[in-house]
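Chains as they are written, first to last, in this note's numbering: chain A, 6 to 419; chain B, 10 to 259.
These are calculated hints, taken from the structure and not from any lab test.
Fair warning: this is a prediction, and the values are worked out from it, not measured in the lab.
It cannot be assumed that every hint is accurate.
BS3-like cross-link-like pairs, simulated, lysine-lysine; straight-line CA separation at most 27 Å [as the list claims (entries may be wrong)]:
no., chain 1, residue 1, chain 2, residue 2
1, B, K95, A, K251
2, A, K7, A, K23
3, A, K337, A, K7
4, B, K95, A, K7
Have a look at the derived ranges for each label pair, beta carbon to beta carbon [said to hold, decoys possible]:
no., chain 1, residue 1, chain 2, residue 2, range
5, A, T321, B, P36, 47 to 53 Å
6, A, V390, B, L91, 36 to 42 Å
7, B, V240, A, T20, 46 to 52 Å
8, B, S94, A, T9, 19 to 25 Å
9, B, V157, A, V380, 51 to 57 Å
10, B, G151, A, Y402, 19 to 25 Å
11, A, V390, B, T89, 42 to 48 Å
12, A, T9, B, E90, 45 to 51 Å
13, B, D152, A, Y382, 50 to 56 Å
14, B, L243, A, W405, 44 to 50 Å
15, B, L91, A, F296, 41 to 47 Å
16, A, L31, B, S92, 40 to 46 Å
17, B, V157, A, V390, 46 to 52 Å
18, B, G84, A, T9, 28 to 34 Å
Positions of the beta carbon are idealized from the N, C-alpha and C atoms, including for glycine.
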Amino acid sequence: MKLTESIRISWRAITGHKLRSTLTTLGIIVGIAAVITFMVLGGGLEQDVLGDINTEEDTGIQVVTQADTGFGGGQTQSVPIYTQSDVAAVSNVSGVESVTPSASLSAVQLTHGGETITGGSGSVYGVTASTSDRFESELYNLTAGEPFGAQNEAVVNERMVDLRNEVGGENLTLGDELTIQLQDGRQLNLTVTGIVDQNTGGGQPRVFAPLEYYDTSVETPSGDEERAYPALFVRAENVDQVETVKAALNDYLQNESAAAELKTDDQTIAVQTVEDAVDQFTAFLDQLQLFIGGVAGLSLFVGSIGIANIMIVSVTERTREIGIMKAVGAKKREVVQLFLVESLILGIIGAFFGVLLGLGVGYLALTVPGWPMVVPYGWIGIAVVVGVLVGVLAGLYPAWRGARVDPIEALRRE
Amino acid sequence: MSQTQSLSTDTVVATRNARRTYYLGEPVHALDGVSLSLPAGSFTAVMGPSGSGKSTLMNLLGCLDTPDEGEVEIGGQRVTELSDSKRAHLRGTEIGFIFQTFNLMPRLTAAENVTLPMVFNNDVETGRRERAEQLLTRVGLGDRLDHVPSELSGGQRQRVATARALVNEPSLVLADEPTGNLDTDTGAEILRLFEELHAEGRTILMVTHERQVAEHAEQIVHLVDGEIAEVEQLDTDASNKRTVTTDETH
Numbered sequence: 006m007k008l009t010e011s012i013r014i015s016w017r018a019i020t021g022h023k024l025r026s027t028l029t030t031l032g033i034i035v036g037i038a039a040v041i042t043f044m045v046l047g048g049g050l051e052q053d054v055l056g057d058i059n060t061e062e063d064t065g066i067q068v069v070t071q072a073d074t075g076f077g078g079g080q081t082q083s084v085p086i087y088t089q090s091d092v093a094a095v096s097n098v099s100g101v102e103s104v105t106p107s108a109s110l111s112a113v114q115l116t117h118g119g120e121t122i123t124g125g126s127g128s129v130y131g132v133t134a135s136t137s138d139r140f141e142s143e144l145y146n147l148t149a150g151e152p153f154g155a156q157n158e159a160v161v162n163e164r165m166v167d168l169r170n171e172v173g174g175e176n177l178t179l180g181d182e183l184t185i186q187l188q189d190g191r192q193l194n195l196t197v198t199g200i201v202d203q204n205t206g207g208g209q210p211r212v213f214a215p216l217e218y219y220d221t222s223v224e225t226p227s228g229d230e231e232r233a234y235p236a237l238f239v240r241a242e243n244v245d246q247v248e249t250v251k252a253a254l255n256d257y258l259q260n261e262s263a264a265a266e267l268k269t270d271d272q273t274i275a276v277q278t279v280e281d282a283v284d285q286f287t288a289f290l291d292q293l294q295l296f297i298g299g300v301a302g303l304s305l306f307v308g309s310i311g312i313a314n315i316m317i318v319s320v321t322e323r324t325r326e327i328g329i330m331k332a333v334g335a336k337k338r339e340v341v342q343l344f345l346v347e348s349l350i351l352g353i354i355g356a357f358f359g360v361l362l363g364l365g366v367g368y369l370a371l372t373v374p375g376w377p378m379v380v381p382y383g384w385i386g387i388a389v390v391v392g393v394l395v396g397v398l399a400g401l402y403p404a405w406r407g408a409r410v411d412p413i414e415a416l417r418r419e
Numbered sequence: 010m011s012q013t014q015s016l017s018t019d020t021v022v023a024t025r026n027a028r029r030t031y032y033l034g035e036p037v038h039a040l041d042g043v044s045l046s047l048p049a050g051s052f053t054a055v056m057g058p059s060g061s062g063k064s065t066l067m068n069l070l071g072c073l074d075t076p077d078e079g080e081v082e083i084g085g086q087r088v089t090e091l092s093d094s095k096r097a098h099l100r101g102t103e104i105g106f107i108f109q110t111f112n113l114m115p116r117l118t119a120a121e122n123v124t125l126p127m128v129f130n131n132d133v134e135t136g137r138r139e140r141a142e143q144l145l146t147r148v149g150l151g152d153r154l155d156h157v158p159s160e161l162s163g164g165q166r167q168r169v170a171t172a173r174a175l176v177n178e179p180s181l182v183l184a185d186e187p188t189g190n191l192d193t194d195t196g197a198e199i200l201r202l203f204e205e206l207h208a209e210g211r212t213i214l215m216v217t218h219e220r221q222v223a224e225h226a227e228q229i230v231h232l233v234d235g236e237i238a239e240v241e242q243l244d245t246d247a248s249n250k251r252t253v254t255t256d257e258t259h
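Isolated chain B, as found in the complex:
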């Protein structure tokens, strides 16, 4: 199998023939050779049944995990070659996570949660409040800066988490079932927010198992048994459309 394909300059994240195997008595290929390139500014959904490797792909792209075989490149850096703390740094600067369960720090205020990634990746302490205010205003929570998560609704919490994901201007926003814990209306609001972020030119990858959620993206990558089964292009207004490239040479 040839892996000669060079990444285009505006590719932010790519996997090349990535394989991740868990040993549960016998080897289970959670990800069985996946090649995927996400161009800057793309909005991609990943769908697939339970156990298809969605989470594993997410962990690899989010730099939380490394492949057993193959490559993951984030912002031009090969993740497998990095030390533990370099990977942590990459995670903090290049990736913005949004989780199904929000994952906010319970004792920190909305503003402090938003700037948490700056605590670990940025020694400059000044201007954080302004940054938090700017981002929270952007997601419609300009009046909730000093509320702790328990004082916020589910939708508001996911907005705080979204603002946090953006704080370090990451190359890629990774959302794992971002609407999974929200009712339909609130979920729709979050998805509208994602579309706005996409329109601003941010690169988003969203994992979901709901078709109607995935349809907010430009394209859907269907995973089955740890492999990419299909990349489905969606008919959105095609003016600034960017498509993922996959490599199915094996």
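Same shape as in the complex, but just chain A:
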């Protein structure tokens, strides 16, 4: 029997029970759609965060403090332990081009165009003090304007612009004046010179202001009072030196720096290149995707049981038809072929519509956070293979039962 013939006959059997076939494939459709949707979302998030970062060519290295959480690396903490002497020492490390300390300013309220945005009620935003060097890194993607050059200038991220829009009134654009009231009573009047993309600033609305506004100091181990920062951004002189500089920084910071003494025992000084940061994020995302994919895979397994179940019912129901086919010359192999093709078609249809549905739902879901669409071709391939496999595996036992049908018994049935 030719394959085209068995497809024709099996297709007739499938369309003969439209509702049943639809419900059966629904299991596979939902399973595969779930997998594809999550992969689209994960891919979108990854593309959104890492899209334009060229990890190979970035000379940036960040020094942060992490507390071990035991899940996908550490959680970054904001503690001022990198003292002015550490900064000076780091900038003397061979191969280091520049060191940019970074710190948060505690803002109470922000005023723009007569509207005041307070930090409460869900509209949390941050103010970061640093030098403008940081905007040279691939991690900071200026979408409009330029870095701040002098006192009284600032860069905001796109989330800040969005937050301002939510409040209503004027839009926040380049050249606008912001007034920020700090917790210590100072008031900053800043002119917006640039806008960075929404990923910059740890997912929060954020204003970047010159480092001069930061004045937190700590007592160093040697007893002096020194200004200290919670994070440093180091730039190597060229790409080839990034790893050497990273090693040298690690060596100094872990062993000789004031920061090593100031940090608590459960805190770790993390020296990360852009590549490290990307790897850490990707590893976290992969774990998340694997977990969610596993859950979705379970529903695929349930779906395959559905196909097997309905195929067994189908074989029992069609015992007489199998008898007829055998009486007119069908071999066991041909009966197996018919039922396998049938469950295969169900699996392929399930995979096809599952992929379509998954891409569709994923696409719609992406519009909420505004992530870009990345078609997960690899996962689509996997989904189709899984659909076919599920079809074959779910059809094997029923087909074998079908082949074993005794035509004499089958034909005697009324």
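Position chain B relative to chain A; hints supplied.
Okay, now just chain B, sitting in the frame of chain A:
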């Protein structure tokens, strides 16, 4: 017991001392040594009470079952020596089945039902429609090609089944109570069709428990308790009469 009798060249199907035993607590000889040769072009009826072995004989001749002892030969091939799939092939090419309950595929059209045996025994896909049309026209259903069985009457269904039985030009047409599910008039039409097929030179074996149905054949083989009790020749016009031979040497 000697089994030296050689089959004449125009014998299409033969059993030699065929025995089939079922074990239902104790052995039951459903067929207890039956020897029967069907010459080409013969029209034979098999009669007998319930449990006399009619169905078992039918299954053996139709290659659906194999004897525990003895031989069944179809078109010169010993059925017992064939593999499962070879027997299936033989069934599809040498035997045409007609059942009491028609046994058509419910979702296939009349034309598709007729050509179903070609699906399993013939890789050529072209010309099937024409073949179905030709056969369905032959049985008087030239205008019902694309009807599914549920849209056909009982008599029409049995005509489709008859056309299906003929599609691969089988050596033997096996009919099991072909009129059992039909009213008298419709049954008579089917039997007329059988007589026409017989006149065309086809070999037919028909199992029935009705005397008047069996009388359409050339001869009646009476089975009792798994053995041939009598072969009754019927007085039809004797011009092209072919008789079965039995071997009762045991």
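Original post:
Could one say that the CB atoms of V157(B) and V390(A) fall in the range 46 to 52 Å?
Top reply: The hint (46 to 52 Å, Cβ to Cβ) is violated, given that V157(B) and V390(A) are roughly 37 Å apart.
**OP:** Take a quick look at whether K337(A) and K7(A) sit within 27 Å of each other, Cα to Cα.
**Re:** Holds, because 14 Å separates the two Cα atoms, which is no more than 27 Å.
Original post:
Holds or violated: are the alpha carbons of K7(A) and K23(A) at most 27 Å from each other?
Top reply: holds, 25 Å
Original post:
Is the distance from the Cβ of L243(B) to the Cβ of W405(A) consistent with 44 to 50 Å?
Top reply: holds, 48 Å
**OP:** Starting from the hint 41 to 47 Å, judge whether the C-beta atoms of L91(B) and F296(A) obey it.
**Re:** With a Cβ separation near 57 Å, L91(B) and F296(A) fall outside 41 to 47 Å, so the hint is violated.
Original post:
Between T321(A) and P36(B), does the C-beta distance stay in 47 to 53 Å?
Top reply: violated, 31 Å
Subject >> Supplied distance hint 40 to 46 Å, evaluated on CB atoms of L31(A) and S92(B) >> reply: holds, 42 Å
Subject >> Range hint compliance [Cβ, S94(B) to T9(A), 19 to 25 Å] >> reply: holds, 21 Å
Original post:
Is the gap between the beta carbons of V157(B) and V380(A) within 51 to 57 Å?
Top reply: At 43 Å between Cβs, range violated.
**OP:** Just tell me: holds or violated, for the beta carbon distance of V390(A) and L91(B) against 36 to 42 Å?
**Re:** holds, 40 Å
**OP:** Could you see if the CB distance from G84(B) to T9(A) stays within 28 to 34 Å?
**Re:** Since the Cβ atoms of G84(B) and T9(A) sit about 30 Å apart, the hinted range of 28 to 34 Å holds.
Original post:
Taking only the CA atoms, is the gap from K95(B) to K7(A) under or equal to 27 Å?
Top reply: Given that 27 Å is the threshold and the Cα spacing comes to 18 Å, the pair holds.
Consistency note: the structure conflicts with the earlier hints numbered 1, 5, 9, 10, 12, 15, 17.
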